[in-house]
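**Q** Listed below, chain by chain, are the residues.
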Amino acid sequence: GQSLEQPSEVTAVEGAIVQINCTYQTSGFYGLSWYQQHDGGAPTFLSYNALDGLEETGRFSSFLSRSDSYGYLLLQELQMKDSASYFCAVTVSGSARQLTFGSGTQLTVLP
Amino acid sequence: DTGVSQNPRHKITKRGQNVTFRCDPISEHNRLYWYRQTLGQGPEFLTYFQNEAQLEKSRLLSDRFSAERPKGSFSTLEIQRTEQGDSAMYLCASSPTESGANVLTFGAGSRLTVL
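Protein sequences, first through last, are from chains E and Z.
FYI, in our numbering the residues of the first sequence are 4 to 114.
FYI, in our numbering the residues of the second sequence are 9 to 123.
These are computed hints drawn from the structure, not numbers from a lab.
The reader is advised that the hints may include incorrect statements.
[To be verified] Computed footprint of chain E on chain Z, listed as stretches where at least three residues anywhere in the stretch have a Cβ under 8 Å from a Cβ of chain E: (1) 83-96; (2) 110-122.
[As the list claims (entries may be wrong)] Computed list of chain E residues with no C-beta within reach of chain Z, every gap over 10 Å: (3) Val16; (4) Gly18; (5) Arg69; (6) Ser72.
This structure is a prediction, so every number in the text was calculated from the model and none was measured.
A virtual CB, placed ideally from N, CA and C, is assigned to each residue, including glycine.
So that you can see chain Z by itself, here it is in the shape it has in the complex (with noise of 0.2 Å):
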């Protein structure tokens, strides 16, 4: 058990450009989360995925971002035309169906930084 994987772990573009980021949760959870988290905040709720369907967005998950699951094991998180304001940790984190979202097990997390 490695535990949950994301890469890459930092990125830096420039604004208008597509990002993608990628998580590998631990291989027995079935339930996959996304959040992001700002400098001095905790994290924020983006979606949430059991095994490939995703379940649940947040509000602030705009049109410009999209989340897959496509095999239920790996995600991906893409952010296209990136504003300065995406600019944050987005964090993954992964839970067995049992424990709900009560225990996470969180990635280190992917630091974008858009100039």
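Only chain E is shown next, with the shape it has when bound in the complex (with noise of 0.2 Å):
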């Protein structure tokens, strides 16, 4: 099976850097995702990364070491509307089919 780590929360000052960090262990590693999910919405794609390096997307950047079986996701620039759970997740070769995602990081946003 799969299993992911990332914090239960961060909580950081509108305007801040902040980075979520995950940890997988799983067989067959495919690529790993994030997605941004508010409160009572739907989960919402951000990033993938199926190579090793960073990602970068407007203000938000994934990276990866499939070395250390670790990823990252970095938000610049924080705003209020950014206050949401963020979700690493992974696919695994041999079962593209579905992602395996972790339990989430609460992100809360201070002005």
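The task is to assemble the complex, starting from two chains supplied on their own in separate frames and drawing on the hints.
**A** Right under this line is the structure:
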């Protein structure tokens, strides 16, 4: 099976930079995804990494190190609207039909 | 493109009753997924369809759960003889073939409360 670990809560102030880490244990790792979910809302895709390195999309960046089984989501210039839960999720080769999600990190952005 | 639509958004039922949820995916997406999410947890995979074929089912999906996608468009998830432990948000997601499970578009979910 797969297991993912991420911090349960992170707090930061508006305008700051925050990094949410994710470590995973899985066989046949294929890729790491990040999703954002506001209270009562649908999970929304943020980014996907299959190869080592940094992927940048606007204020959000995602990093993957396959050798360390580790990734992170970097949020810059935090805004109040970024307060949400952030989930890392893995896909596994041979079963690229399903995502396995972590338990999520609740980000609170303070004014 | 109206996104992934799920109905009903909320369902309250008594233990032992049957419930059915409907999902309308993005029209050009041939892959459809059902997930379940409980409070404070990430979504858990339940089942996956490629067009009308159900290709994968989680061990979480007991025999009280059944899903269909009869014409490769909308899908239904039925739970028979509901139990209190079935209370959760049921999420539907879809994706085009080329992105597989790596990029999913989720619906807003159907929240089930079993009394």
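**Q** Could you tell me which of the numbered hints above are not met by this structure, giving the numbers in increasing order?
**A** Violated hint (a single one): 1; every other hint is consistent with the structure.
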